[in-house]
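These protein sequences, in sequence, are chains U and P. Residue 233 in numbering that gives the first Met the number 0 sits at position 234 of the first sequence, and the numbers go up by one each step. Residue 197 in numbering that gives the first Met the number 0 sits at position 198 of the second sequence, and the numbers go up by one each step.
These aren't lab readings, by the way, just hints derived from the structure by calculation. Be a bit skeptical, because a hint or two may be false.
[Unchecked claim] The list that follows gives simulated cross-link-like pairs (lysine-lysine, DSS-like), each with its CA atoms no further than 30 Å apart:
no.: 1; chain 1: P; residue 1: K107; chain 2: U; residue 2: K393
no.: 2; chain 1: U; residue 1: K394; chain 2: P; residue 2: K122
no.: 3; chain 1: U; residue 1: K273; chain 2: U; residue 2: K342
no.: 4; chain 1: P; residue 1: K121; chain 2: U; residue 2: K423
no.: 5; chain 1: P; residue 1: K238; chain 2: U; residue 2: K419
no.: 6; chain 1: P; residue 1: K107; chain 2: U; residue 2: K394
no.: 7; chain 1: P; residue 1: K99; chain 2: U; residue 2: K418
[As the list claims (entries may be wrong)] Here are a few chain U residues that sit away from chain P, every Cβ distance over 12 Å (derived from the structure):
no.: 8; residue: Q26
no.: 9; residue: A29
no.: 10; residue: V58
no.: 11; residue: S69
no.: 12; residue: N355
no.: 13; residue: K357
Treat the numbers as computed from the prediction; the structure is a model and nothing was measured. For each residue, glycine too, the CB sits at the ideal point set by N, CA and C.
If you want the building blocks of each chain, they are given just below.
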Amino acid sequence: MELKETLLSSYMAFDAQDGPQRKLQDQRAAAIEVFEQQGFPSNKEEDWKYTSLRALTKVDYSVFPKEEVSLKLEEVKQYILQDVDTYKIVFVDGIYNAYLSETTHEGADICLLSAALTKRKYAPIIKKYFNQIAEKEASLTALNTAFTNEGAFIYVPEGKQVEKPVQIIHFATTKNPKLLLQPRNLIVLEKNAELQVVERHQSLSDNTTFTNVVTEIFTEQNAQLDYYKIQNDQSQASLIDSTYIAQQKHSHAKVHTFSLGGKLIRNNLNFYHKAPEIISTMKGITLIEGEQFVDHHTLVHHAHPNSESHQDYKGIYAEKATGVFNGKIVVEKEAQKTNAFQKNNNILMDDKASINTKPQLEIFADDVKCSHGCTIGQLDEDALFYLQTRGIPKKEARGLLTYAFANNVLQSVQIDSVKKRINKLIAEKLGVNIGFDV
Amino acid sequence: MLSIDNLHAGCEGKTILQGINLDVKPGEVHAIMGPNGSGKSTLSTVIAGHEEYEVSQGSILFNGEDIAELSADERAHKGIFLSFQYPVEIPGVTVTNFIKTAINQTRKAQGLEDMPANEMLKKIREKAAMLEIDSRFLSRSLNEGFSGGEKKRNEIFQMAMLEPKLAILDETDSGLDIDALRIVANGVNKLKGGENAIVVITHYQRLLEYIVPDFVHVLHEGRIVKSGTKDLALELEEKGYDWIKQGA
Chain U
0 MELKETLLSS YMAFDAQDGP QRKLQDQRAA AIEVFEQQGF PSNKEEDWKY
50 TSLRALTKVD YSVFPKEEVS LKLEEVKQYI LQDVDTYKIV FVDGIYNAYL
100 SETTHEGADI CLLSAALTKR KYAPIIKKYF NQIAEKEASL TALNTAFTNE
150 GAFIYVPEGK QVEKPVQIIH FATTKNPKLL LQPRNLIVLE KNAELQVVER
200 HQSLSDNTTF TNVVTEIFTE QNAQLDYYKI QNDQSQASLI DSTYIAQQKH
250 SHAKVHTFSL GGKLIRNNLN FYHKAPEIIS TMKGITLIEG EQFVDHHTLV
300 HHAHPNSESH QDYKGIYAEK ATGVFNGKIV VEKEAQKTNA FQKNNNILMD
350 DKASINTKPQ LEIFADDVKC SHGCTIGQLD EDALFYLQTR GIPKKEARGL
400 LTYAFANNVL QSVQIDSVKK RINKLIAEKL GVNIGFDV
Chain P
0 MLSIDNLHAG CEGKTILQGI NLDVKPGEVH AIMGPNGSGK STLSTVIAGH
50 EEYEVSQGSI LFNGEDIAEL SADERAHKGI FLSFQYPVEI PGVTVTNFIK
100 TAINQTRKAQ GLEDMPANEM LKKIREKAAM LEIDSRFLSR SLNEGFSGGE
150 KKRNEIFQMA MLEPKLAILD ETDSGLDIDA LRIVANGVNK LKGGENAIVV
200 ITHYQRLLEY IVPDFVHVLH EGRIVKSGTK DLALELEEKG YDWIKQGA
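With the rest of the complex left out, here is chain U:
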């Protein structure tokens, strides 16, 4: 059976089950209809021109885990930030793991979507925000909506600054092979609220896994969001991440995406401006090798005046790795005095590596500053020679230059523990000891 057919029949079973999904019946029914009509995106669609899901959709995935798996901390410790005090929302094969988690309801709600869906006190929040900014016509987002029953739920009330970062971690184990995971996250920052989040999806084996995650984020007036996505998965793990952020006046939302490993990674990162004077920042480092594939599709929708967006994506592609960057910036007619900056710089380390990069600007206002630049190049031979004359061997010199190339994206990381972790991962990938910390 085609994966699409499998999913449609799984939906019937899922729909008949008792669970938090019951609360979303109408929205899920509408969503499955969208998926049924559209199916998986194909290369014929402009947004999926360079990204093929054909291999992925040939696998016979199941949406139901066969068993609940318990993990020892020792088995997964390396994937959890340990040197900083954090809240943790941990899932194993899609099921919440209380033992590895640390949630709270003090000051802010950092808990589970299933809880938020079923407890009466959260009903107004769910009603106001759930599925309100996610793109209803996007088939993969619709698929996720149709199967919504679990994920992270974070609600930060007015004026609250959550002092500890929140880690959202999904593990996939060997016990449930060929599992299609569809977590759904909902994050709301009320006025003047502040929050840091680190999100990670990690397969614990070289089994085929496929994650289709959707995250909706709302930053109300003057709220500050600082979000990190660490994507360093096994070579048979694929991830489609659709993140939708709705921003209100004076809010600042920052997202860093570190794509360092996986079979196929697609990031749909979307910012929607709902008021004037907003800042949106998105930065990324992609460093992949082998036949890995990473696609960044960003969208900033400037709909009101006096706002800014900053994009800075660095890509390093070795061996036969392939990258896609598509940065769409829409500036509506009302969005005068918009400043929108976009940079995408790439280094191809080998002849067979490739990147398709495309800025996509749709500007309807006349008083705006927009700049975009993309570069594709190799490491500078003169710089390599210069480093070698100082006694730095070629391999290390290449590592150092590559590291330096990516460095200004790392510098804006606010959580030291994340910065150190990424620094170490990059050094490992480059196979060098660069001999210093950031």
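The hints should help you fit chain P onto chain U, whose structure is shown.
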């Protein structure tokens, strides 16, 4: 120390050096002068080991060992240092981190442990003070946005840190005002001990007032056409290079 015999070399199929002979002994200072395009920078680049340059004939021995097949970093590990005419900008790596990496990679190649952090710091402070380098300068990205003079001073700072056996200074005087020239020359002269040798490549005689050479060689069309003492540099300053070109 450095013994170059009948060296023919070039790049992209073009032979630029047409039979260089040069012998540099420990403790000596040699100046190589010559008009633009005579092959001065090519000579320094070939000695340092740029991959794109091919040696088609002749040999380069360093302390008796043929180094023609060694990579640039291996030559650096043996004690050869090249100060660049145009140092490369490396955004994202600070001067301090860069020099630490360079020193520890060299030590690693020599089978030594990393230099202890406090010793490194002390040495950096000492050499920076000698070259009158502000400590804020050390935390800037390597050569990025540096003035011409700052770049050259930074080259000599790296030389002072690495303490090479043979330092080749390619047009180190260009871009320096007279005060900076004196500071840089002072740094170079500090290296000049019993065992270290220096090759100064320059277009003008000016630098040689501060770094006094034992020998002066004139390069023209890829050959050394005249050698002499420091008086030769003065003669060149007075008469210009046309005199040499005609003689050749």
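How the hints compare with the structure:
1. P/K107 <-> U/K393: Measuring from Cα to Cα gives roughly 14 Å; hence the hint holds.
2. U/K394 <-> P/K122: Cα-Cα ~27 Å, so holds.
3. U/K273 <-> U/K342: Satisfied, since the Cα-Cα distance of roughly 24 Å is no more than 30 Å.
4. P/K121 <-> U/K423: 27 Å, holds
5. P/K238 <-> U/K419: Violated, at about 61 Å.
6. P/K107 <-> U/K394: Status holds; Cα separation ~14 Å.
7. P/K99 <-> U/K418: At roughly 21 Å apart (the allowed maximum being 30 Å), U/K418 and P/K99 satisfy the hint.
8. Q26: Non-interface label stands for U/Q26: nearest chain P Cβ at 46 Å, farther than 12 Å.
9. A29: 48 Å, holds
10. V58: 40 Å, holds
11. S69: 43 Å, holds
12. N355: 25 Å, holds
13. K357: About 25 Å separates U/K357 from the closest Cβ of chain P, which puts it past 12 Å; holds.
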